[in-house]
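Novice: What follows is the residue order along each chain.
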Amino acid sequence: MSLLDVRDLRVSYGSADGDVHAVDGVSLSIEAGEFVGLAGESGCGKTTMAMAIPQLLPRNARITSGSVTFDGVDLSALDEHAMRAYRWKEISVVFQGALNALNPVQTIGSQIAEPIRVHDSSVTSAQADDRMRELLEAVGIPSRRAHDFPHQFSGGMRQRVMIAMALACRPRLVIADEPITALDVMTQAQIIDLLQSLSDRYNLAMLLISHDLSVLAQTCDRVAVMYAGKMAETGPSQDVFGESSGQVLARHPYTQRLLRAYPNIHRERVFIDGIPGSPPDLSKPQKGCRFQPRCDVALTQCANVAPELVALNDRHFAACHLLDADSSGVQ
Amino acid sequence: MVTEPSNEQPDVRGSGANDRAPIVAIEDLFVEYKVKNPAGRGKSIARAVDGVNLALYPGETLAIVGESGSGKTSIANAVMRLIDASSGRIIFDGVDLVPLRGKELRKVRPRLQMIFQDPFESLDPRMTVMDTVVEPLVINDIGDSDAHRRELGLAALQRAGLTPADRIARRFTHELSGGQRQRVAIAAAMILEPSVVVADEPVSMLDVSLRAGILRLMADMRDRLGVAYLFITHDLSLAWMFADRIAVVYLGRVVEEGSPVELINNPQHPYTKALVSVIPVPETSAVTNRTVLTGEIPNPTAIPGGCRFHPRCPLYRERGEPAGCRTDDPALVQISIESVHSAACHFVAKVP
Amino acid sequence: MAFDVSTNDESIDVPPSGFSAMLRSIWADRLGRIGLILLVVTAVVAVLGPFVFPFNPADVGADSSTILQPPSADHWLGTDELGRDVFREFLAGARISLFVGIMATLISTVIGAGIGIVAGYFMGPLDTTLMSATDFFLVIPALPLMIAMGAIFGQNLLIIILVIGLLSWPRTARIVRSQTLSLRQRQYVARAKSLGASDARIIRRNVAPHVLQLIVANTILVVAGCILAEATLSFIGLGDPDRISWGSMLHFAFVSGAVGLGAWWYFMPPGLGILVVVLGFTLVGHSFERIANPRLKGE
Chain Z
1 MSLLDVRDLR VSYGSADGDV HAVDGVSLSI EAGEFVGLAG ESGCGKTTMA
51 MAIPQLLPRN ARITSGSVTF DGVDLSALDE HAMRAYRWKE ISVVFQGALN
101 ALNPVQTIGS QIAEPIRVHD SSVTSAQADD RMRELLEAVG IPSRRAHDFP
151 HQFSGGMRQR VMIAMALACR PRLVIADEPI TALDVMTQAQ IIDLLQSLSD
201 RYNLAMLLIS HDLSVLAQTC DRVAVMYAGK MAETGPSQDV FGESSGQVLA
251 RHPYTQRLLR AYPNIHRERV FIDGIPGSPP DLSKPQKGCR FQPRCDVALT
301 QCANVAPELV ALNDRHFAAC HLLDADSSGV Q
Chain V
1 MVTEPSNEQP DVRGSGANDR APIVAIEDLF VEYKVKNPAG RGKSIARAVD
51 GVNLALYPGE TLAIVGESGS GKTSIANAVM RLIDASSGRI IFDGVDLVPL
101 RGKELRKVRP RLQMIFQDPF ESLDPRMTVM DTVVEPLVIN DIGDSDAHRR
151 ELGLAALQRA GLTPADRIAR RFTHELSGGQ RQRVAIAAAM ILEPSVVVAD
201 EPVSMLDVSL RAGILRLMAD MRDRLGVAYL FITHDLSLAW MFADRIAVVY
251 LGRVVEEGSP VELINNPQHP YTKALVSVIP VPETSAVTNR TVLTGEIPNP
301 TAIPGGCRFH PRCPLYRERG EPAGCRTDDP ALVQISIESV HSAACHFVAK
351 VP
Chain A
1 MAFDVSTNDE SIDVPPSGFS AMLRSIWADR LGRIGLILLV VTAVVAVLGP
51 FVFPFNPADV GADSSTILQP PSADHWLGTD ELGRDVFREF LAGARISLFV
101 GIMATLISTV IGAGIGIVAG YFMGPLDTTL MSATDFFLVI PALPLMIAMG
151 AIFGQNLLII ILVIGLLSWP RTARIVRSQT LSLRQRQYVA RAKSLGASDA
201 RIIRRNVAPH VLQLIVANTI LVVAGCILAE ATLSFIGLGD PDRISWGSML
251 HFAFVSGAVG LGAWWYFMPP GLGILVVVLG FTLVGHSFER IANPRLKGE
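If you read the sequences in order, they're chains Z, V and A. When the letters of the first sequence are read in order and numbered with the numbering used here, they come out as residues 1 to 331. When the letters of the second sequence are read in order and numbered with the numbering used here, they come out as residues 1 to 352. When the letters of the third sequence are read in order and numbered with the numbering used here, they come out as residues 1 to 299.
It is worth saying that the hints were derived from the structure and are not from the lab. Every residue, glycine too, gets a C-beta built ideally from N, C-alpha and C. Accuracy of the hints is not assured; some may be wrong.
[To be verified] The following label-pair restraints were derived from C-beta to C-beta distances:
hint, chain 1, residue 1, chain 2, residue 2, range
1, V, 171, Z, 65, 32 to 40 Å
2, A, 24, V, 151, 33 to 41 Å
3, Z, 267, V, 334, 26 to 34 Å
4, V, 35, A, 106, 36 to 44 Å
5, A, 122, V, 171, 32 to 40 Å
6, A, 141, V, 295, 29 to 37 Å
7, V, 326, Z, 268, 40 to 48 Å
8, V, 35, A, 132, 53 to 61 Å
9, V, 155, Z, 267, 32 to 40 Å
10, Z, 65, V, 151, 48 to 56 Å
11, Z, 29, V, 84, 32 to 40 Å
12, V, 336, Z, 29, 36 to 44 Å
13, Z, 126, V, 324, 35 to 43 Å
[To be verified] Far from chain V by the CB rule (all over 10 Å, computed), these chain Z residues:
hint, residue
14, 78
15, 124
16, 193
17, 217
[As the list claims (entries may be wrong)] Covered stretches of chain Z, as calculated for chain V (at least 3 residues, CB under 8 Å):
hint, stretch
18, 105–116
19, 229–242
20, 254–264
21, 268–280
22, 299–311
Isolated chain Z, as found in the complex:
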């Protein structure tokens, strides 16, 4: 049994121009200790999908169907009160834009210690203090800096503080929403290394959300690529990013073209490719494959029939009509 199992999740946002189906039937499972990357362009629904797991969606969003099972318990059936027992303690979140989410007038030490005591009233303040120092050291901040205020930290250091806060109650799953987006390349590498070592050390499952597919390649055990509210492709990193006899193993045309959108310094120096056009308007009903208008290998049925995920091996899946049995070899 997986630690987390999201099944056929649908989430809609109510808006003046009608409902926006931001997540439309997405499934994803994460094993204990597994490092999973979730990628896609802005507006593809990756953040919505991830925030639906601990039920931290904005007020105008609602889960219309599907289930979220964590360690055998269906979280989507829990009320707000019962859900609170899971947040921080089982599932914690490193929020996007977290660099500005720290309270400027509270020391970082007390900001880390606070959730520890809030979520477990049996912890004494001395115990919470010890735990806080241990967490700071674990994320690479000398514990003597516990009395410093957020403005005394750089962006990378503040992100470490946010990660320490997420770890405060020893969760089993950490959802990190674009944790490295605003950071410099070297700081990004530091944070990625930190997340990986924490995942190994505490057997943490990690869901790393990033718009940057290239960052995920050398980081994650498994990646999921979303497009316009649907799962386009998911599989072990070596299947999605790998190559076999000169052929890329990624099978969804969207993934394939995304991979060509990044310069690769280990290859020939060629101009990157883009994907002309823009994702569909999700407030309108979708027919067929959502990538079809931007796809240069689309078949006739792509405009009318939405493709199902096809198993390429027991862990690698892609949703494309080119992979259907009857059209094999077309590509």
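Model the placement of chains V and A on the given structure of chain Z, informed by the hints.
Specialist: Here is chains V and A on its own, set in the frame of chain Z:
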């Protein structure tokens, strides 16, 4: 029509280029500003740009690559005269821009344009696309009539891939997507047919799938108009792909300069080596020895003595912390005879 | 520590532009709508009232039986201490009160906005000088100064307008300056500069349009203050003796002993009039400020 960059070493300054005069020559540039000390009173001097020399040749793309706090944006803003240089010269087409003021400066501006990072911020949300694109013409009093300017504006939009131009022209810039806005910004910057365009992280705010389109448009403009780019970016791999030459800056100083292929395949400065080693690539098979530097770029109010990189330098530690690194500031020296490649490190072999 | 969820809202806040859009958004706000109704009624009364019911200050009563009479069919709001019709006087007073308030506000806004934009845009020593002056005007007690200036320069309408206008601009200057300071950091200002635009053009095209709404919102609030200032000056007897305003009606009601005699029909109408118009401007002003200044949203 878009041309691919050639995969061979581009001929930049190597053989024939030396007899051309640079279109922009940055000489001993310093940009300093006072910052309030966070604790207590008093102010200290931050040296954002600390003695930079760079040359940009006509039609060439020079990438300035660095992390935040490296001074790359200050260099760009100083060249654009959006901030004042403390000392040094910025010679544009034979004229030093640094002492220019008011009208004299405005006379130079049309030939020196800028593309900004954030297309949501750089275009006035209260202006239509047409007003935005023809604004440079109006400001500089180019074109015979409004109708003529409109015509030029439509042509510029078309060239920038914004079709149907007449329909897009009527919209407000805040109604466009990020990629479309950046195209509008490029169309407006190019309408004056400048000889130099400073592009400050022109694609870093855009979705990955849109970046190629914008960069191809820029490449197209380069081929068509012969414009030279000063391409400011934090992304070394993007610079490798797009530029003819790369300068890596660290804490206000150029630490290594060379052709893209040379710089990536054969980096010499320990900082460049580390940067190259952590470039994310979209494949799993690429096994790299990542050198992740510890710490962050120091504050420009307290630039370390000697080599400014020594507190974070892996080579300095490897070599047993030699005193020279702490006391002597290494100069940027040429390290290759065949190609343009120089680095500022005590341990690189200088060309005799 | 609360869980806050950042929504991925990429739409940028562009406040409504255009007069009708502005009115619509005020109308959509409950308090703004009340204010708007109050103002429209007051404006109609002040503009049309005196044409329908002209007031002649010389039209005094024939004898003592006509003074301070309670409301009747002839005199809807009774008569004043000289036997004049209070209703007609009230209408005439409305016109003068609004006129003084609006004219003084125009002066105040032109000075305040001008100083605010120039100080915020150019910064440096010019800013320091202008803001010192602003702070000086901000802290000097306005009322005593108005009294002193009114006493020195005499009691006529023009002087009153000038005195009020020249003493009520600092708040506007401060608000406009802080907005300008943030606007000048915008990339589109840097862009305009790099295109070769002159400072005058940048202020006109890229700065002023963006502070305009804030200025309008502020102006509406300043009108309320100026009307009150005029009422205060007139009430203490420094008004223009030849022009009846609501403030001077209150003044004469007070000095003639009408208040002591319980002649409510004399002092209530101007008092309520001031209340209604100040309330109207304040409600509309705050409503518009909320629309124009996104930072106040949700407060």
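Novice: Range hint 29 to 37 Å: satisfied by the CB atoms of residue 141 of chain A and residue 295 of chain V?
Specialist: violated, 56 Å
Novice: According to the definition I'm using, a residue is off the interface if its beta carbon is farther than 10 Å from all beta carbons of the partner; does residue 217 of chain Z meet that for chain V?
Specialist: violated, 5 Å
Novice: Taking beta carbons only, do three or more residues of the stretch 105–116 of chain Z come closer than 8 Å to chain V?
Specialist: violated (count 0)
Novice: The hint says 33 to 41 Å between residue 24 of chain A and residue 151 of chain V; measuring C-beta to C-beta, is that right?
Specialist: holds, 37 Å
Novice: Is the claim that residue 78 of chain Z lies outside the interface with chain V correct, judged by CB distances over 10 Å?
Specialist: holds, 35 Å
Novice: Say whether it holds or is violated: residue 193 of chain Z keeps its Cβ farther than 10 Å from all Cβ of chain V.
Specialist: violated, 6 Å
Novice: Given a hinted range of 48 to 56 Å, is it respected by the beta-carbon distance of residue 65 of chain Z and residue 151 of chain V?
Specialist: Holds: the Cβ-Cβ distance is about 54 Å, inside 48 to 56 Å.
Novice: Evaluate the given range 40 to 48 Å for the C-beta pair formed by residue 326 of chain V and residue 268 of chain Z.
Specialist: holds, 42 Å
Novice: Indicate whether the distance between the beta carbons of residue 29 of chain Z and residue 84 of chain V respects the range 32 to 40 Å.
Specialist: Given range 32 to 40 Å: violated, Cβ gap about 58 Å.
Novice: Please check whether the stretch 229–242 of chain Z has three or more residues whose CB lies within less than 8 Å of a CB on chain V.
Specialist: Three-residue rule met by the stretch 229–242 of chain Z, so holds; n is 4.
Novice: Count the residues of the stretch 299–311 of chain Z whose Cβ falls closer than 8 Å to any Cβ of chain V, and tell me whether that reaches three.
Specialist: Contact hint for the stretch 299–311 of chain Z vs chain V: violated, 0 residues under 8 Å.
Novice: Can you let me know if the beta-carbon spacing of residue 336 of chain V and residue 29 of chain Z is within 36 to 44 Å?
Specialist: violated, 52 Å
When held up to the earlier numbered hints, the structure conflicts with 6, 8, 11, 12, 13, 16, 17, 18 and 22 and fits the remainder.
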